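Engineer: Quick mapping for you: the protein sequence lines, in order, are chains A and B. Take the position in the first sequence, starting the count at 1, then add 857; the result is the number in my numbering. Take the position in the second sequence, starting the count at 1, then add 30; the result is the number in my numbering.
Think of the hints as simulated: they come from the structure by calculation, not from any bench. Note that this is a predicted model, so its numbers are computed, not measured.
From chain A, some residues computed to sit far from chain B (all C-beta separations above 10 Å):
hint: 1; residue: Met858
hint: 2; residue: Leu859
hint: 3; residue: Glu885
hint: 4; residue: Glu895
hint: 5; residue: Glu896
hint: 6; residue: Arg898
hint: 7; residue: Arg902
hint: 8; residue: Lys904
hint: 9; residue: Ala912
hint: 10; residue: Gly927
Once the Cα atoms are required to be at most 30 Å apart in a straight line, the calculated DSS-like pairs of lysine-lysine come out as:
hint: 11; chain 1: B; residue 1: Lys258; chain 2: B; residue 2: Lys277
hint: 12; chain 1: B; residue 1: Lys258; chain 2: A; residue 2: Lys904
hint: 13; chain 1: B; residue 1: Lys277; chain 2: B; residue 2: Lys76
hint: 14; chain 1: A; residue 1: Lys955; chain 2: B; residue 2: Lys56
hint: 15; chain 1: B; residue 1: Lys56; chain 2: A; residue 2: Lys933
hint: 16; chain 1: B; residue 1: Lys56; chain 2: A; residue 2: Lys950
hint: 17; chain 1: B; residue 1: Lys56; chain 2: A; residue 2: Lys951
hint: 18; chain 1: B; residue 1: Lys119; chain 2: A; residue 2: Lys951
hint: 19; chain 1: B; residue 1: Lys119; chain 2: A; residue 2: Lys955
Glycine residues also receive a C-beta, built at the ideal position from the N, C-alpha and C atoms.
Read off the chains here:
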Amino acid sequence: MLNVYQVGKLMYILKTPPGIAEWKKDPEAMMDRFGLTEEDRGPIRDKVARPFYDAGLHAHLLGSGSRAMGLEPMAKYGNTSGTPTPEEAEERKKFSDKIATELGLITQTPVGR
Amino acid sequence: MGQIVLGVGTSHSPGQTSQIDRPPLKQVENCWNAWMKIRSAVQTLKPDLIVEFSNDHWCNYYDPYPPLAIGVGASHYGPVDGDMIKIPKGQIPGHADFAMSLLKAAYENGFDPVPQQNTLIDHGHAIPYHTFNPEHNIPLVPILINAITEPMPTTRRLYQFGNFVRTFINSRPKGERVMIIGAGGIAHDVGTPRSGWIDTDFDHEFLENLEHDRVENINAYTSERMGKSGNGAHEIRSWVAAMGAMKGTKAKVLAYEPVVEWITGTGVVVWEA
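Can you make the complete structure from the sequences, with help from the hints?
Structural biologist: Quick look at the structure:
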């Protein structure tokens, strides 16, 4: 039986920069530290999130944890209500730029993403 | 005597600030025109502080997960998920005196929120706060409602808590002018195979209940009912607390769009005090 509580706790820590750094350095050591069993490590090594979802791990945590661990995510984002015409795409971009400027939003993708 | 000068209910989907150019322009303009209208009102009304009901997304807590917490620090840090939502990270001013007084008054009035000195602000609070006050010059008192993991507080209890917050503000001898925000929802499902599905029937019904001030209908929403419309639909709890704080004023829906690209039924409501 998967230990959802401990896997979730690990994924909670993986929401922080130090947690991600620790994971990147040595995932096995981190799984040791959180007391993950061999069974718990199976889906992580197989890069799949579904078994944790089926076992009851909260989907929010699983989403961010999957990104950090490089697991195949449960949710497929990128839904779209249709492909815009080039004119519409241009209008969307103009509007988006206007809001981003007005609110001082970050317009460049941070390094490392 | 203090007073509430404006109340707002709004979604806080990360796409609102990070994917403005993805959905159809008509939907985006409808939502953003509403948010900008509120931003304008904030500039005119110049509230002394913002009390924002919203929820943490596994950033501050894992176990235990408090039903209700108040950020009582002189400042908060965030947004911790700032890269994802394109909002610059940094210190956000708090209002320790107001927050601590609110906490003490809560205890005297039968509510037991957890005091939190160091509050991490995630998109739940940050998107509305930044949208309405991008200068970050209005102190924020974040109230964190558990809308993530069962068991969660009932809508009835949160409506009552909102009422209490209103009474507290009105009793303040310092006479602050306060803006109330309830942030989250409406229907959406995060991180599951059905993400992207939006229960528009639920959204319309909820907004109608707000507009017609149907408190008993609002108080009758169970966790099970909210969960059927997606794990993110639990976040309407924050709107309910705001509704309680805005008791006696009329809610008006400024915008509603089921934005597929943001995987969220996106709503904007204003209560004019």
